[in-house]
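Please model the entire structure based on the sequences and the hints provided.
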Amino acid sequence: MFIYILLGIVLVVIGLSLKFGRIEKNYFFGYRTPRSMKNKMNWEFANGLMANYSIIVGVLSILSGVIGWYFNLNSKYIIYITVGLMAVCLITTEIRLYKFDKAKRENKG
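First residue of the sequence shown: 1122, per this note's numbering; consecutive thereafter.
Careful: at least some of the hints might be erroneous.
Claimed, not checked - In silico SDA-like pairs for lysine to any residue, Cα to Cα no more than 20 Å straight-line:
| # | residue 1 | residue 2 |
| --- | --- | --- |
| 1 | K1140 | T1154 |
| 2 | K1220 | T1154 |
| 3 | K1146 | K1159 |
Stated by the list, open to error - Between beta-carbon pairs, the in silico distance windows are:
| # | residue 1 | residue 2 | range |
| --- | --- | --- | --- |
| 4 | E1227 | L1194 | 46 to 52 Å |
| 5 | V1187 | P1155 | 34 to 40 Å |
| 6 | A1224 | M1158 | 14 to 20 Å |
| 7 | G1142 | V1187 | 23 to 29 Å |
| 8 | G1142 | V1180 | 16 to 22 Å |
| 9 | T1213 | E1145 | 21 to 27 Å |
| 10 | M1158 | I1200 | 25 to 31 Å |
| 11 | K1161 | I1124 | 32 to 38 Å |
Everything labelled a hint here was simulated from the structure, so no lab data went into it. Fair warning: this is a prediction, and the values are worked out from it, not measured in the lab. For every residue, glycine included, the Cβ atom is placed at its ideal position computed from N, Cα and C.
Encoded structure:
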């Protein structure tokens, strides 16, 4: 269960660094997809979303690790929950980024 606590801490640290750090568009750190790397506005929007999602999933991972350890739960369920939450975050970010990018293009003209 320690791995889930450690994973949660890493996700919270990444989320906080994305949220409060000035991460310029790069090819090594941040939420990097073709759409998010398209321009600065998309980059900032997508990384702002992922910062919040990383913090939330990180805290939930820490809690699930502590609860799993305390109640001696089967770790495969915690894996399913963590992977499922991450998938939901990625899909939600892509959908919201698509809508953001589309609205921005429509407003231009």
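Hint check:
no.	hint	result
1	K1140 / T1154	holds, 18 Å
2	K1220 / T1154	holds, 15 Å
3	K1146 / K1159	holds, 10 Å
4	E1227 / L1194: 46 to 52 Å	holds, 48 Å
5	V1187 / P1155: 34 to 40 Å	holds, 38 Å
6	A1224 / M1158: 14 to 20 Å	holds, 19 Å
7	G1142 / V1187: 23 to 29 Å	holds, 27 Å
8	G1142 / V1180: 16 to 22 Å	holds, 19 Å
9	T1213 / E1145: 21 to 27 Å	holds, 24 Å
10	M1158 / I1200: 25 to 31 Å	holds, 30 Å
11	K1161 / I1124: 32 to 38 Å	holds, 36 Å
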